[in-house]
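**Q** Here is how the chains run, residue by residue.
Number of protein chains: 2
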Amino acid sequence: MHFHDNHRKVDYVLAYHYRKRGAHPGHGSPGHSLAIVSNGETGKDPQAGAPGDIELGPLDALEEERKEQREEFEHNLMEAGLELEKDLESKSQGSVFVRIHAPWQVLAREAEFLKIKVPTKKMYEIKSQGSIAKTFNKILHKLSEPLKPRVPEHSNSRMKNLSYPFSREKMYLYDIRDKDTFFDNATRSRIVHEILKRTTCSRANNTMGINSLIANNIYEAAYPLHDGEYDRPGEDMNDRKLLYQEWARYGVFYKFQPIDLIRKYFGEKIGLYFAWLGLYTSFLIPSSVIGIIVFLYGCATIEEDIPSKEMCDRQNAFTMCPLCDTSCDYWNLSSACGTARASHLFDNPATVVFSIFMALWATMFLENWKRLQMRLGYFWDLTGIEEEEEHSRPEYETKVREKMLKESNKSVVQKLGTSGTEAEDEDDEDKLTWKDRFPGYLMNFASILFMIALTFSIVFGVIVYRITTAAALSLNKATRSNVRVTVTATAVIINLVVILILDEIYGAVAKWLTKIEVPKTEQTFEERLILKAFLLKFVNAYSPIFYVAFFKGRFVGRPGSYVYVFDGYRMEECAPGGCLMELCIQLSIIMLGKQLIQNNIFEIGVPKLKKLFRKLKDETEPEEADSAHSKHPEQWDLDYSLEPYTGLTPEYMEMIIQFGFVTLFVASFPLAPVFALLNNVIEVRLDAKKFVTELRRPDAVRTKDIGIWFDILSGIGKFSVIINAFVIAITSDFIPRLVYQYSYSHNGTLHGFVNHTLSFFNVSQLKEGTQPENSQFEQEVQFCRFKDYREPPWAPNPYEFSKQYWAVLSARLAFVIIFQNLVMFLSVLVDWMIPDIPTDISDQIKREKSLFVDFFLKEEHEKLKLTEEPAQRSQSSGHRSRRGPAASPAPSGRSQPGSSASSGSQHTSV
Amino acid sequence: MHFHDNHRKVDYVLAYHYRKRGAHPGHGSPGHSLAIVSNGETGKDPQAGAPGDIELGPLDALEEERKEQREEFEHNLMEAGLELEKDLESKSQGSVFVRIHAPWQVLAREAEFLKIKVPTKKMYEIKSQGSIAKTFNKILHKLSEPLKPRVPEHSNSRMKNLSYPFSREKMYLYDIRDKDTFFDNATRSRIVHEILKRTTCSRANNTMGINSLIANNIYEAAYPLHDGEYDRPGEDMNDRKLLYQEWARYGVFYKFQPIDLIRKYFGEKIGLYFAWLGLYTSFLIPSSVIGIIVFLYGCATIEEDIPSKEMCDRQNAFTMCPLCDTSCDYWNLSSACGTARASHLFDNPATVVFSIFMALWATMFLENWKRLQMRLGYFWDLTGIEEEEEHSRPEYETKVREKMLKESNKSVVQKLGTSGTEAEDEDDEDKLTWKDRFPGYLMNFASILFMIALTFSIVFGVIVYRITTAAALSLNKATRSNVRVTVTATAVIINLVVILILDEIYGAVAKWLTKIEVPKTEQTFEERLILKAFLLKFVNAYSPIFYVAFFKGRFVGRPGSYVYVFDGYRMEECAPGGCLMELCIQLSIIMLGKQLIQNNIFEIGVPKLKKLFRKLKDETEPEEADSAHSKHPEQWDLDYSLEPYTGLTPEYMEMIIQFGFVTLFVASFPLAPVFALLNNVIEVRLDAKKFVTELRRPDAVRTKDIGIWFDILSGIGKFSVIINAFVIAITSDFIPRLVYQYSYSHNGTLHGFVNHTLSFFNVSQLKEGTQPENSQFEQEVQFCRFKDYREPPWAPNPYEFSKQYWAVLSARLAFVIIFQNLVMFLSVLVDWMIPDIPTDISDQIKREKSLFVDFFLKEEHEKLKLTEEPAQRSQSSGHRSRRGPAASPAPSGRSQPGSSASSGSQHTSV
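These protein sequence lines are chains A and B, in that order.
Residue 444 in UniProt numbering sits at position 444 of the first sequence, and the numbers go up by one each step.
Residue 255 in UniProt numbering sits at position 255 of the second sequence, and the numbers go up by one each step.
Just so you know, these hints were derived from the structure itself, not from any lab.
It cannot be assumed that every hint is accurate.
The list makes no distinction among identical chains, and a pair is therefore deemed to hold if it is satisfied within one copy or across any two copies.
Said to hold, decoys possible - No more than 35 Å apart at the CA atoms, straight line, and that leaves these computed lysine-lysine pairs for DSBU-like: (1) Lys846 - Lys179; (2) Lys594 - Lys718; (3) Lys803 - Lys134; (4) Lys617 - Lys138; (5) Lys403 - Lys142.
With the sequences and hints as input, model every part of the structure.
**A** In structure tokens form, the structure reads like this:
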């Protein structure tokens, strides 16, 4: 954790792999001298270890070049004030770790420059709410005591330091007890990382920063160090161990997350992710409860549901038209009794209420997230931070360089005449224009279209599979009885497998496509990648569900004029209970399957396998490191063996797709929140474990919000309103029942509803060759029934849509309009009613400002007094006494600042 | 414009009215001494003028108290560093102007404190776009040359100073040539205003700031000075005169606005208003053009419109059922030919396209405003400013004081036991809680409900007027022919007058209600006032229009079972051409009338009258001021006689209501943008004139955006989508025509459409007593027709809604869903496609940041060198040579910052 002097902390580590080269006379051994210079003392063993092991041999030019670039870069780092230490390259090849320490001067300079807010001496009490809220909070506090993680920060949350951007001219403001610990580890490594990103290396094509060097394989890795080991027993506590014990174990799944500690250790970006995940999970609790209640309501009312009773009634059974041509027979509706009853579980009025609730829930969740974000921003002193300057990505720079090269080749003749300023101007202009990017964009557009088309065609393929298999199975008498179950189950499983496979492929494709686009900064890269990946994965996960919800069974035609595809296969119909049941099955299998498989295989299994694989590889490889070293490995060795951190995108993406399952089709599957909740309780700890134990420590990134994910979430929320409106209006039988009950029913009940929804068909009008062969139906059939609103055969215009059809359609559409606008209005209202900034936080911020005004004015006043005094003194120069200087340090207990600043200004004015 | 020493600028003026008091021994004449102290020299005429005029007399205690408060306040101001000057109170009563000057120290301190961004020495060129865009811009620039106001700032817009918040420790950064003019007048007065707001006065119940003092009548007015006179001919140019000549005259109506100058003179808030108004006006140009084209399309196709031709066809005329009971006769549809033809002007497919266009237009406008706001924010250095600290409103403080008083009276016994800290804590807690505000909220809620109910009942009253008058006029044969015209015209005018009157009343009521609420800060006050006023005025202006659009003619019933209100008055129907025509008339009259009358009477007439009135009053009052003074009045006298500035709310409100007219019902009145455009061209200059010539100079307020108005605008934009969807679907005949054309028509044309929309009625089924008396219809009537889709008398279920009715209704509702979601989707797309920050601006901001990094590091280096040199000197005191300092700047060409930092670290490590 420290340099060899056991004093200077290692703030960052650069790792590279070297192959030994011969001693070049021109270069000396700058590696050693570097270590010496930065250590401020002679290196430990430059004479002892180095000469013995030198192995002369031919080195390839690339390796040499890399070494020189590294040397230049490290030199530049030292020029920027950093202190470096590295071990000797004592073996023929191996890994070298360049340890970087940032001394106080550098930290102070950069902190001022990055406007890092640090606590000042001034503390103030956080205002508590009114007395009722206070007591309520106390009770809540006590009740939730066992749920709180035992983390020190949590104990003293009544006071907050006034923060102010660090400034070397206002050092008096801050409470600097120990310069080594004033900035915490995450901040220190952030500062070093900032310098690493900024430092140029002229040899490497003038590239900017460590990222380019890593991209060019000059360094292998760059990472800050973990705070220690998480599983060494009984030793002194470090933050990592604390996190592991109180957060990153399944055993503590019921506890709140120690968000402040997470933020302190991993930085704001990761802190926000876990805060978001926590809020989302806790928001799932009420919706799960209500979802279960809705489901139980369905179970409880199943016996009272008139339509399903009517369907199950064997006495007055309806004779239905055959489900397939020729080989299928007429059938009794009562045989579909089971589906009808199951359907009622999800297709009841409570679902409508539930889906309105869920739409508002989504809005509430987003609003509360905004509030939590503000609250965290306040406590983490993120208010008013500006966006950090973004450096170009290495790939972008390479591309620009290539372009410049090409253009300079082209215009070499023209340039001869131009003046220097113009050339400069041109240099300035060099960035990728729309023209340069056009091929990339085109490729992107085409690929995305292709991918979406691929998804659709797979969905269509599964449909074809279902139609043909159903037809084939129907031919065989033995299998006929459970055709529907078999076909549906296999088809859904195929869908699930395809989704899982494509999910991985699309993730890779999205990355590749974004690389083709060559976005300028890391941030745009991330945003575009997210958008593309989201689009592809969304389409992938939801298109089979959309098909079932809105298209299945709508293009069947009617008896006598069915719609045929592929030479005589009839389009598939929904089960007699309605498509909602099938939608529900589809949803639950895809959602559960996706979560279980992705969690178990991709998130637990694959890393385990990788670890195993690496272990095996390590064992087979010749052990080159000295045994003493491997027995007590340094922290940088340990961290080097961990996986590098690759961003939060996959974690967010998984949750967002899940959020889609929870909101989009909640009208058809009220249990979705329950399953999501169960998954997330595990997910939080799974992710936590990954971050604490399996990944290198990520760079602490300062950010105010979760960025584009919020927009995606709110987009899904809005989309879910219209989807749910359509599910209720079109897919479910809710509206037809309402219409029947209030317009057609004789006694205001649903008695006769099933009869009302079935149209008549005159079997004599069945097309030749499609009649059931060998009909074994118990009675003579003259009319068979089918589910649709059409005129009966004896009407003047038989089989046309009846007036009921249009009336029900109007009602369905009116419902969509009312539902959509009502829910949207309520969402806006909720959005407007809940202030984005919690009142107490905005009060605190105002209070902080006014406190700061006082603080500032007081310091100002002190300063003025101090500057005035010498002025007076110099006026009355003859009467100078020792009183002045003695008086000046006297009040310094409170006003050091003024004195130091004023002496500074005196100094320059002299 | 200056103090009497002709040197120090007057930055602010406080005015108060005094009545002479006797000489009190305890007080001396602090007024004089104030003037002396602040001037730094003896007052001009304390001995000369004062003693002669003193008039002894009894003074009331209030006047005395006020004087003392003023003295304390002025004393506090001087303690804060301001310099004051005032004339002697030489007469028995009169106005005194306290002139305030802010010296450099105060300006610098406050500028640092307020983080006012000022230009640094560093300038940089604003990057231009690519070459094509450049030439295009050049051409555009040349073309628009005559449209540009001739204002100096506009000439040099290629360079921009790097700005940085003012800091006294970094004075070297700024280009301070003249300390008197470094801060411009608006900034100076802003700084003084800030101090005025902050300064307390312990005598006046410890109130904070000038606003409380003005509210308590201790001062009468506080205002910064105008830059000079705007109409003095031939003198040197000042900004006010420039503004007048290039902006605030009708003669320059065709020119762009000099936004930068407006901002410089009036501050950012007013600058943003005019920028917004300008953008809105220029956005009205394309929509006007397209609106006119749509209208012309209607005119051009009027001859080809089959339905209106069919209606006008006298040969095959339809016999319509009577329009009123008993006294009305059957009539031929061809007699309504005129209305039908007029209807077509607005009810044609082009309107649908136009209303989609206008929905997108609204989104585009808002997006472009966001961009313009960002652009202005960049050029005006508003990026990254924090919200200013808000002080409590005087009313709020009074209320809190009252509450505290009451509570302290109550808890006087309890307090005896409590310690000091708790009392302090209680003091801290004292703010208005929800309980205190509850009556106010209740009052608000009740009043708003009452106002809305009032509006609705007035609308209903007008409906009743229409119904009864129409019935009365129908009785009389002479008036029968133009009943509809008379009734509609008078009703609309009544509506208009009511709207205008209620508008004024509601404005006052909203203000009153907001005062009752006692919001804490000026900003919340403004926001709540705006919301309330907007709600009331919106309902007021639009409720008659909503009635005509969506309710009129929908509750008529059918022949044989009409709906009756008030003892036998039939509900009113729409004209045979559809309600759209009437909606159009209603809209145009209300919009035009509102604009013309409000502009002419309220904005031009009333101020003129006020002026005239004041002039008359001045003339009748005894002239007390000495004549020399009135001949050459000082600027503060002149400004004092102007109207005080009362905020931008009415200006914004007028425009927002107009925006509603332009977007909400644009489907029925495509000419609305044209009229809005004509109005706004005048409005811009009218407002400009008001600000330049008729108002006291407003305090320059720094703000980044237009605040709540943007939310209201985008709310109206969203609301307009659904309103237009409904207007097209429900009010216009667009959907029935489409349905007829594609489902019922035999040849795919609209031939027979009119017949299709008319149902049959068997006249024998008319209720007893409602048949036409003395029918003079030329032929025997067995069936009369009425406009509705109902089953004919010979059907099994006569007069029920027919299948067509439901089919058309389905189509209408489907259209609403499709239109709404399509347009919303397009809006989101437009919103997403157009980046909120213009690319060039975001590039500039990034560039500015990186420039600033360089600049900062360079300055850093310089500073370090300065501090290092003495240190080195003292170190190597014996071996001192010129080599060290000379070598240090040598490698600075490439790595200035690095070297300085490393040398810094050396320095400290030693």
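**Q** For each hint, tell me whether it holds in the structure or not.
**A** Cross-check of the supplied hints:
1. Lys846 - Lys179: Close inside one copy (31 Å) and across copies (33 Å); limit 35 Å.
2. Lys594 - Lys718: Within. Shortest intra-copy distance 24 Å satisfies the 35 Å Cα cut-off; inter-copy 37 Å does not.
3. Lys803 - Lys134: This pair counts as neither: shortest intra-copy Cα distance 62 Å, inter-copy 64 Å.
4. Lys617 - Lys138: Close neither inside one copy (56 Å) nor across copies (66 Å); limit 35 Å.
5. Lys403 - Lys142: between (65 Å within a copy, 34 Å between copies)
Figure legend: structure checked against the earlier numbered hints; hints not met, in rising order: 3 and 4.
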